[in-house]
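Chain B: place on chain A using the hints.
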Amino acid sequence: MGTVTVENLKKSFGKVQAIAGISFETVAGEIFGIIGADGAGKSTLLQILVTLLTPSGGSGTILGYDIFKDYRKIRTLVGYMPERFSLYPDLTVEENLQFFTKLFNVRQSSEDLSLNTFARQLIPFKNRRAGKLSGGMKQKLALSCALVHNPQLLILDEPTRGVDPISRTEFWQKLISLRDSGKTIIVTTSYMDEANLCDRIAFCDQGRFLLTDSPQSIINKEKEPIYAIRGSNMFRLLQTVRQWERTKACYTFGDTLHLRIDKGYSTDELLHFLKNSGCPDVSIQAIKANIEDCFMQLVNNPEKAETTIN
Amino acid sequence: MENIIEVHELTKQFGKFTAVNHISFAVRKGEIFGFLGANGAGKTTAMRMLCGLSHPTSGNGQVAGYDINRQPELIKKHIGYMSQKFSLYDDLTITENIRLFAGIYGMKSVEIKEKSTALLTKLEIEKHRNTLVGALPLGWKQKLAFSVAVFHRPKVVFLDEPTGGVDPATRRQFWEMIYEAAEEGITIFVTTHYMDEAEYCNRVSIMVDGEIKALDTPAQLKETYNAPSMDGVFRALAKTAKRGE
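First to last, the sequence lines map onto chains A and B. Each residue of the first sequence is one higher than the one before, counting from 1 in our numbering. Each residue of the second sequence is one higher than the one before, counting from 1001 in our numbering.
Mixed in with the good hints, there may be bad ones.
No farther apart than 25 Å at their CA atoms in a straight line, the calculated lysine-lysine pairs in the PhoX-like style are these [unchecked claim]:
#1 1155/B / 1108/B
#2 1115/B / 248/A
#3 1213/B / 1016/B
#4 132/A / 1108/B
Computed, partial: chain B to chain A, Cβ under 10 Å [what the hints assert, rightly or not]:
#5 1138
#6 1140
#7 1167
#8 1231
Covered by chain A, per the in silico footprint, the following chain B stretches (three or more residues, Cβ under 8 Å) [claimed, not checked]:
#9 1038–1045
#10 1055–1069
#11 1092–1098
#12 1169–1179
#13 1192–1201
#14 1215–1229
Hints were generated in silico from the structure; no laboratory data involved. Ideal placement from N, C-alpha and C gives every residue a C-beta, glycine not left out.
So here's chain A without its partners, still in its complex pose (with noise of 0.2 Å):
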């Protein structure tokens, strides 16, 4: 049996589905992200997991304990980081260790606890409140409470938002050596690029999960190619780019732009076009998609997800 086991999940606020029907099975050990646009129901999922909010309909275990019967259970086992910032602010980083650790009857001395997790970082920190320290220090401390208790499984909703890039690699490392450790964590991001980092990722739209794979299948398995533009001014190319009437989908990527085109063009006639319409000096360079082009196409064609459904 897998860590999370759910069947055909449901939730409904009032006439609003939030879940339209989710089935999923996490296997120990492996990290599973999921992603998709806002308002999707990704936090909604999360919530009945935790056994925050109760389903409307479905099925489904966490750790071999019903959601339904065993919520008492549940959540003396799971380790949950919510979206919104859950600790105590105006308690010291100390004291919201040491109120975590007695929430879950755990014996052990902050410094034991310390060590377990983000120790170096934390350590001289103890004493300031949890309410001044900066974005990627709450997170950090926020996700060491989630694990006073040594929770199997670990279930974060956007653990990294607001932290600079430095301080998500820290944290990411720190996930995926949990991970190692045997540890099963379910988490949502926007960062595409730790998206990339799960074992699996769901994409997850208007409460339903379109596609199930890893990182490496979903990208394997795009197989228009994508082009990448360069050139100045790039708001006026992308607005002239997508005048073109054989864009299918063009947007900016960092310095360059990535476009898909109907079969059967050639790159040479938007050459031309760009010319003729007063955009000169541009290439264009048929690239490999990554998982952002996966996730822009998804977003835009929900569809087309329908014949990779698992």
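Showing chain B alone in chain A's frame:
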């Protein structure tokens, strides 16, 4: 070229701690200026001084033509501001939010009415004009928040991590709104932790330990730091940080 922000040796101390340490820089009219730095580098403190919300310990400067030390109230009136944490009131409707903020900035009722209709049409949310903002999807909220921040046509708009937690597709739509506003002549001052967004800026500064350690176009910064992307530039600079978060 005209500068819309110009500061000299701007410093903010909290007790013995120097949050912002003698920063000097200028932002040109109409540019998209990216203000980067690790958590705790001093970005928010610097930004609060620029917005007239915090008094500098020393140094001086001008924002939108007003003096940071002497005219903070006038600065507040002539800029736009949006952050990820606070932008709109969830328990007011879309129209009520627009009216409230436009009123605060001193716009006339007639003008507010006319421009609201135009804005709602442009955002394709006329049908939802009486919906509470709290009930809107985050992506919509953010687009609306940005539109409200530039509704009174400020010379410069400050965006504090406007796209935190936003998915890649919605972030791109948001940035297209930023480009559009910039084309219309509004100067954009933006902080972000998404390094692909740093590439979208005309110029970028990177703060480390309260100081501005680099300021240039993304292309020039990548060349200087011999990095393939802005992510590489950021890491090269931020890892030199000595003070903790």
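Here is how each hint holds up against the structure:
Between the alpha carbons of residue 1155/B and residue 1108/B the distance comes to roughly 19 Å, so the proposed pair stays at or under 25 Å and holds. Note on residue 1115/B and residue 248/A: the hinted pairing is violated, with a Cα-Cα distance of about 33 Å set against a maximum of 25 Å. Of the pairs offered as hints, the one joining residue 1213/B and residue 1016/B holds, with about 22 Å between alpha carbons and a cut-off of 25 Å not exceeded. Under the criterion of a C-alpha separation no larger than 25 Å, the hint pairing residue 132/A with residue 1108/B is inconsistent with the structure, at around 40 Å.
Contact between residue 1138/B and chain A, as hinted, is supported at the beta carbon level, the nearest pair being about 4 Å apart and thus within 10 Å. Taking 10 Å as the C-beta contact cut-off toward chain A, the hint placing residue 1140/B at the interface holds, the least distance being around 8 Å. Here the hint on residue 1167/B is kept, as its CB sits about 5 Å from the closest CB of chain A, short of 10 Å. Nearest Cβ of chain A to the Cβ of residue 1231/B: about 6 Å, under the 10 Å cut. The hint holds.
Counting residues of the stretch 1038–1045 of chain B whose beta-carbon sits less than 8 Å from any beta-carbon of chain A gives 3, enough to reach three: the coverage restraint holds. Remark: the stretch 1055–1069 of chain B is not confirmed as covered by chain A, as 0 of its residues place a Cβ nearer than 8 Å to a Cβ of that chain, below the required three. Note: the stretch 1092–1098 of chain B has 0 residues with beta-carbon separation from chain A under 8 Å; the three-residue rule is not met and the coverage is violated. Interface restraint, the stretch 1169–1179 of chain B with chain A: holds (7 residues with C-beta to C-beta distance below 8 Å; minimum three).
Coverage of the stretch 1192–1201 of chain B by chain A holds [criterion: at least 3 residues with CB-CB distance below 8 Å; count 6]. Residues of the stretch 1215–1229 of chain B with a Cβ under 8 Å from some Cβ of chain A number 3, which satisfies the need for three, so the listed coverage holds.
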